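Asker: Assemble the whole structure, with the sequences as input and the hints as a guide.
Protein chains: 4
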Amino acid sequence: MLKELKKLVYEANMELPNRKLVTYTWGNVSGIDRKEGLIVIKPSGVNYEELKPEDMVVLDLNGKPVEGKYKPSSDTATHIELYKAFKEVGGIIHTHSPWATAWAQAGRSIPSYGTTHADYFYGAIPCARSLTDEEINTEYEKNTGLVIVETVGDTNPMNIPGILCANHGPFAWGKDAAEAVHNAVVLEEVAKIAFHTETLNPKESHISQTLLDKHYLRKHGKNSYYGQ
Amino acid sequence: MLKELKKLVYEANMELPNRKLVTYTWGNVSGIDRKEGLIVIKPSGVNYEELKPEDMVVLDLNGKPVEGKYKPSSDTATHIELYKAFKEVGGIIHTHSPWATAWAQAGRSIPSYGTTHADYFYGAIPCARSLTDEEINTEYEKNTGLVIVETVGDTNPMNIPGILCANHGPFAWGKDAAEAVHNAVVLEEVAKIAFHTETLNPKESHISQTLLDKHYLRKHGKNSYYGQ
Amino acid sequence: MLKELKKLVYEANMELPNRKLVTYTWGNVSGIDRKEGLIVIKPSGVNYEELKPEDMVVLDLNGKPVEGKYKPSSDTATHIELYKAFKEVGGIIHTHSPWATAWAQAGRSIPSYGTTHADYFYGAIPCARSLTDEEINTEYEKNTGLVIVETVGDTNPMNIPGILCANHGPFAWGKDAAEAVHNAVVLEEVAKIAFHTETLNPKESHISQTLLDKHYLRKHGKNSYYGQ
Amino acid sequence: MLKELKKLVYEANMELPNRKLVTYTWGNVSGIDRKEGLIVIKPSGVNYEELKPEDMVVLDLNGKPVEGKYKPSSDTATHIELYKAFKEVGGIIHTHSPWATAWAQAGRSIPSYGTTHADYFYGAIPCARSLTDEEINTEYEKNTGLVIVETVGDTNPMNIPGILCANHGPFAWGKDAAEAVHNAVVLEEVAKIAFHTETLNPKESHISQTLLDKHYLRKHGKNSYYGQ
Numbered sequence: 439m440l441k442e443l444k445k446l447v448y449e450a451n452m453e454l455p456n457r458k459l460v461t462y463t464w465g466n467v468s469g470i471d472r473k474e475g476l477i478v479i480k481p482s483g484v485n486y487e488e489l490k491p492e493d494m495v496v497l498d499l500n501g502k503p504v505e506g507k508y509k510p511s512s513d514t515a516t517h518i519e520l521y522k523a524f525k526e527v528g529g530i531i532h533t534h535s536p537w538a539t540a541w542a543q544a545g546r547s548i549p550s551y552g553t554t555h556a557d558y559f560y561g562a563i564p565c566a567r568s569l570t571d572e573e574i575n576t577e578y579e580k581n582t583g584l585v586i587v588e589t590v591g592d593t594n595p596m597n598i599p600g601i602l603c604a605n606h607g608p609f610a611w612g613k614d615a616a617e618a619v620h621n622a623v624v625l626e627e628v629a630k631i632a633f634h635t636e637t638l639n640p641k642e643s644h645i646s647q648t649l650l651d652k653h654y655l656r657k658h659g660k661n662s663y664y665g666q
Numbered sequence: 439m440l441k442e443l444k445k446l447v448y449e450a451n452m453e454l455p456n457r458k459l460v461t462y463t464w465g466n467v468s469g470i471d472r473k474e475g476l477i478v479i480k481p482s483g484v485n486y487e488e489l490k491p492e493d494m495v496v497l498d499l500n501g502k503p504v505e506g507k508y509k510p511s512s513d514t515a516t517h518i519e520l521y522k523a524f525k526e527v528g529g530i531i532h533t534h535s536p537w538a539t540a541w542a543q544a545g546r547s548i549p550s551y552g553t554t555h556a557d558y559f560y561g562a563i564p565c566a567r568s569l570t571d572e573e574i575n576t577e578y579e580k581n582t583g584l585v586i587v588e589t590v591g592d593t594n595p596m597n598i599p600g601i602l603c604a605n606h607g608p609f610a611w612g613k614d615a616a617e618a619v620h621n622a623v624v625l626e627e628v629a630k631i632a633f634h635t636e637t638l639n640p641k642e643s644h645i646s647q648t649l650l651d652k653h654y655l656r657k658h659g660k661n662s663y664y665g666q
Numbered sequence: 439m440l441k442e443l444k445k446l447v448y449e450a451n452m453e454l455p456n457r458k459l460v461t462y463t464w465g466n467v468s469g470i471d472r473k474e475g476l477i478v479i480k481p482s483g484v485n486y487e488e489l490k491p492e493d494m495v496v497l498d499l500n501g502k503p504v505e506g507k508y509k510p511s512s513d514t515a516t517h518i519e520l521y522k523a524f525k526e527v528g529g530i531i532h533t534h535s536p537w538a539t540a541w542a543q544a545g546r547s548i549p550s551y552g553t554t555h556a557d558y559f560y561g562a563i564p565c566a567r568s569l570t571d572e573e574i575n576t577e578y579e580k581n582t583g584l585v586i587v588e589t590v591g592d593t594n595p596m597n598i599p600g601i602l603c604a605n606h607g608p609f610a611w612g613k614d615a616a617e618a619v620h621n622a623v624v625l626e627e628v629a630k631i632a633f634h635t636e637t638l639n640p641k642e643s644h645i646s647q648t649l650l651d652k653h654y655l656r657k658h659g660k661n662s663y664y665g666q
Numbered sequence: 439m440l441k442e443l444k445k446l447v448y449e450a451n452m453e454l455p456n457r458k459l460v461t462y463t464w465g466n467v468s469g470i471d472r473k474e475g476l477i478v479i480k481p482s483g484v485n486y487e488e489l490k491p492e493d494m495v496v497l498d499l500n501g502k503p504v505e506g507k508y509k510p511s512s513d514t515a516t517h518i519e520l521y522k523a524f525k526e527v528g529g530i531i532h533t534h535s536p537w538a539t540a541w542a543q544a545g546r547s548i549p550s551y552g553t554t555h556a557d558y559f560y561g562a563i564p565c566a567r568s569l570t571d572e573e574i575n576t577e578y579e580k581n582t583g584l585v586i587v588e589t590v591g592d593t594n595p596m597n598i599p600g601i602l603c604a605n606h607g608p609f610a611w612g613k614d615a616a617e618a619v620h621n622a623v624v625l626e627e628v629a630k631i632a633f634h635t636e637t638l639n640p641k642e643s644h645i646s647q648t649l650l651d652k653h654y655l656r657k658h659g660k661n662s663y664y665g666q
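Chains as they are written, first to last, in the numbering used here: chain A, 439 to 666; chain B, 439 to 666; chain C, 439 to 666; chain D, 439 to 666.
Rather than coming from a laboratory, the hints here were simulated on the basis of the structure. Watch out, some of these pointers could steer you wrong.
If several chains are the same, the list does not tell them apart, and a pair holds so long as it fits within one copy or across any two.
Restricting the straight-line Cα-Cα distance to at most 25 Å, the calculated cross-link-like pairs of lysine-lysine (BS3-like) are [as the list claims (entries may be wrong)]: (1) 525 x 490; (2) 652 x 509; (3) 660 x 445; (4) 580 x 652; (5) 490 x 652; (6) 613 x 445; (7) 657 x 641; (8) 657 x 580.
Bear in mind the structure is a predicted one, so any value in this text is a computation, not a measurement.
Answerer: Laid out in structure tokens, this is it:
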């Protein structure tokens with residue numbers, strides 16, 4: 439069942455230790471089959487060294503398990519809300535990658551300080567607001583997704599394919615699971631460089647709107663000219 | 439003698455270089471057989487590259503050597519005090535892992551700034567007070583243990599399975615040697631992220647009690663739902 | 439065609455992931471055959487894992503493709519301006535290496551704080567000015583090159599073989615592609631050490647002119663005595 | 439000739455890339471045969487990947503070459519001054535390891551902030567004064583050695599087996615080449631932890647004299663009890 443998607447989601451999950459985005463099991467990647475309306479996600483708390491493609495869990499968009507011997511990631515309800523709200527998204531990732539998590543813990547959005555950022559994120563990477571006590575105590579993971587959706591608002595989620603959750607860590611997404619991981623790697627790198635930028639020049643480092651446009655649009659959209 | 443425990447303690451010690459928690463021989467892990475009242479610990483100053491399971495040293499809770507050709511870790515008396523005071527603890531680790539040691543040298547507890555911390559430590563990771571000159575000059579290693587026990591106080595040691603010793607470094611523990619090492623790896627990662635959090639937002643980054651509860655209790659205790 | 443140069447440029451490009459100067463495809467190296475007036479450069483957006491010597495693209499100094507199945511690096515026009523202005527230069531590199539990029543994003547030149555810097559760069563590594571909106575909107579990559587040339591001015595480009603572009607990242611060069619990469623590795627290391635120097639002593643850390651002279655000139659020029 | 443010493447010095451040099459103390463050729467280790475009055479040192483500017491035991495250069499204490507096809511390290515005259523002044527020293531190392539170099543560039547001694555430091559260095563790791571212009575312009579490398587000797591003064595060099603040279607980088611030493619490298623690795627680690635300690639607590643982090651004594655003396659001298 440969904441053999442190809444399971445393989446893709448498995449491989450995307452295995453990129454997390456390879457790219458040093460996770461310590462132990464602190465991350466999860468999912469992918470969606472839009473036609474079938476089914477999600478494939480990493481099982482909860484299983485070590486990457488033991489993970490196999492067939493361990494991936496299949497659920498529907500109500501969170502109902504469809505196939506798999508394991509319980510899905512404890513963050514599954516967050517993924518589901520994002521898939522429901524963001525129709526363009528085909529893959530989602532959550533990690534506690536250390537630089538992005540530092541910004542999330544500081545409750546700060548990552549300003550666009552340069553072209554490394556602008557090549558992927560068309561503006562600041564926002565930090566979503568803290569959840570209220572009630573949102574935490576009832577359906578915490580689902581509400582995490584809803585607050586992300588609230589923060590993204592009218593922005594096209596593909597233009598800024600990542601976000602920070604206050605006191606928590608980053609989520610990122612893409613057209614499929616592999617692109618979601620790619621964007622999470624970039625988010626971590628951008629978070630690191632932005633940290634050092636601020637230390638070197640605490641006042642004025644923002645990229646101009648013109649340079650932001652130039653770099654984002656030379657890689658994305660109909661007039662892009664980067665790549666083959 | 440205690441062949442299985444020696445193997446576990448050996449493997450836990452070998453995780454230290456693998457996880458980059460130690461430079462040279464700057465760390466030690468022990469485990470206890472509660473039924474026999476015997477401790478197994480790394481020998482003092484032996485290189486990890488040369489370490490073998492049979493090199494592990496066996497002692498009783500009075501520090502009396504029971505088996506082994508080597509002298510035990512010079513920190514053995516600290517381990518013993520912790521085993522005597524914390525009945526739930528089955529494994530203990532001491533390292534000079536660099537981020538945790540920076541906090542220890544700064545004499546500061548690590549505040550709970552996010553869910554990465556809350557998933558493992560149910561509150562700030564305390565920094566124990568400095569030893570008095572007299573405590574240093576008489577039975578230094580034993581007194582290090584006693585000051586840790588004093589700092590933990592009435593807290594269940596399993597709820598915050600690690601501590602910093604002022605101007606020294608971290609100790610961590612768990613239900614066995616492997617879990618102790620796991621908690622030491624997390625402590626180091628949490629120390630690193632907290633450092634960067636403070637630089638990004640020196641004023642207000644603390645996690646709310648509600649989110650701390652949510653994350654700690656979704657992984658620990660009778661209503662936990664993380665993992666399989 | 440230019441088989442030897444393609445091999446050198448290919449190998450220089452492969453040093454980027456080896457030396458951890460790039461994430462994904464964020465870098466490019468070129469080399470020039472001055473006699474033929476031809477440039478060899480990495481193709482745009484091709485993964486390093488898949489890159490082969492024969493994938494290198496050959497162009498003339500007007501940017502006209504001469505050989506190769508791929509499109510050249512999107513930064514080719516910048517390389518061309520540098521080759522046209524700096525006759526001594528035989529190889530050029532652009533990366534987003536994180537420490538150098540932090541300085542570039544901060545809009546700051548890297549002061550010469552020590553002999554590590556002085557061994558390679560005979561003075562501060564300058565940060566070129568931001569491009570005007572018009573320069574960005576018309577022939578951005580070419581204008582990036584022209585602003586670098588403007589910044590270098592009358593300085594011999596071989597004496598300070600690297601530069602930062604504001605809100606962007608570093609360029610470096612050398613007598614060939616291999617030396618360009620070597621200088622980019624040094625620039626990244628120097629950027630890292632200078633960052634920490636400033637934190638430790640925000641006021642006065644500059645190297646004296648005499649020590650700068652001593653170290654630069656013991657490695658470069660007719661009285662050099664470093665190496666074999 | 440001095441085959442055993444050449445092998446030891448070669449192996450000590452190879453630890454530099456292994457322990458990540460050097461970029462390219464930025465380091466050198468030497469050893470001395472006190473009976474013969476001969477020094478063995480790395481050749482200048484030779485890549486570590488190509489280095490062989492027989493490439494080591496042999497000199498006498500006047501710097502006169504005795505054997506070897508290569509020119510010795512350009513820092514040889516510094517090594518010689520240290521061997522002449524410090525009779526207990528059997529091996530010397532110089533690197534540009536990044537954390538120690540940051541302190542050197544900042545012109546600051548590394549205070550003893552904890553037991554990691556105290557286990558090896560019996561007090562602050564000093565930063566030697568800058569050389570005068572005249573000292574730089576005449577016999578620079580020899581004068582670097584003389585200023586180190588001046589800074590160490592009446593201290594037993596084995597009690598604090600390392601130093602920083604202002605705007606330059608660290609030197610370290612030991613009873614042989616292997617111990618010198620070991621001490622340089624520790625110096626780098628201590629420099630890193632001290633950097634982060636100061637950021638976390640800019641005011642008061644110093645280790646007490648009693649704890650410094652305890653840790654240094656449990657590893658060194660006649661009452662030591664660390665190790666086998």
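Asker: Under the constraints set out in the numbered hints, which ones does this structure not fulfil?
Answerer: 1, 3, 5, 7
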